[in-house]
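Taking the hints into account, I'd like the entire structure generated from these sequences.
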Amino acid sequence: MNFGTTLAISASGLSAQGARLRVIAENLANASSTGTTPGSNPYRRKTIVFSDRFDRTLNANLVEVDRIGHDQSPFPVKYDPSNPAANAQGYVKLPNVNSFVELMDMQQAERSYDANLSVMNATRGMLTRMLDLI
Amino acid sequence: MTDDLLGLAAKRVAYLDQSQRLYAQNIANLDTPGFTPKAAIPFSALLNGEGTLPLAVTHTDDQTSSPPGGTIAVPARIAARAPDGNAVSLNQQLAEIARTQISQQYAVNIYKSYLGMFHTALGNTP
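Read top to bottom, the protein sequences are chains A and B. Read in the numbering used here, the first sequence has 86 at position 86, and its numbers run on one by one without any break. Read in the numbering used here, the second sequence has 1100 at position 100, and its numbers run on one by one without any break.
If you are wondering where the hints come from, they were derived from the structure by calculation, not from laboratory data. Any given hint might turn out to be false.
To give a feel for the contact side, a few chain A residues facing chain B, derived at Cβ under 8 Å [claimed, not checked]:
(1) A31
(2) F50
(3) S51
(4) A115
(5) S118
(6) G125
(7) M126
Glycine is no exception: its CB is placed at the ideal position from the N, C-alpha and C atoms.
Rendered as structure tokens:
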């Protein structure tokens, strides 16, 4: 029996979803981080992409973080001449983070994390039953 | 080839171990763009000679050696594909996991009961 492999697959899923949650936390924490000098760019939203990777020693498809990229969508602007980051016309660029999108993403990450955890529990149950035979 | 009951139960458990691995892979790749899930062939198909179970590993010193062969995976039937190309259905996969668990419990219990019969026949209390 090789339940260790199955547990490793689920563990890779857990760590991938953990990395995703970290990116979401960064985005939410910086949801109002504007630039510091006039006309400078604010925080740019980060994105995360997963890919499946074949692990030769485990003979299984694990999941890993493919890349952490940057959302290239335009920054919303707000008229706020008193802000230190305001440009000559008095407009401030705000981060392109949408809290609702991040919250939805967080829910999805949580759901996937739960799913991987359930599989881990199920595998552990199977392993325990096998050990009970002894 | 006909197996005895113990052999059959052991094969069934090994098959369910492999299936569980497939479903764990599918669920781990729940958010991987373009991922297509795999499904296990039915156990009856395995008994009829389709697909193979991997050979048992007797030593793990050589980590670079290619893993023991054997596969019971076939591309899963796809109900719908997400816009990012991912085709894993969480409900379907969790249902498969639940079914695998119940079947494994069943197989292990049969194994245990059969061993119990041997114990009784030999006059030992299990």
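### Query
Which hints, by number, does the structure contradict?
Going through the list in order, the structure violates hint 1 alone and respects the others.
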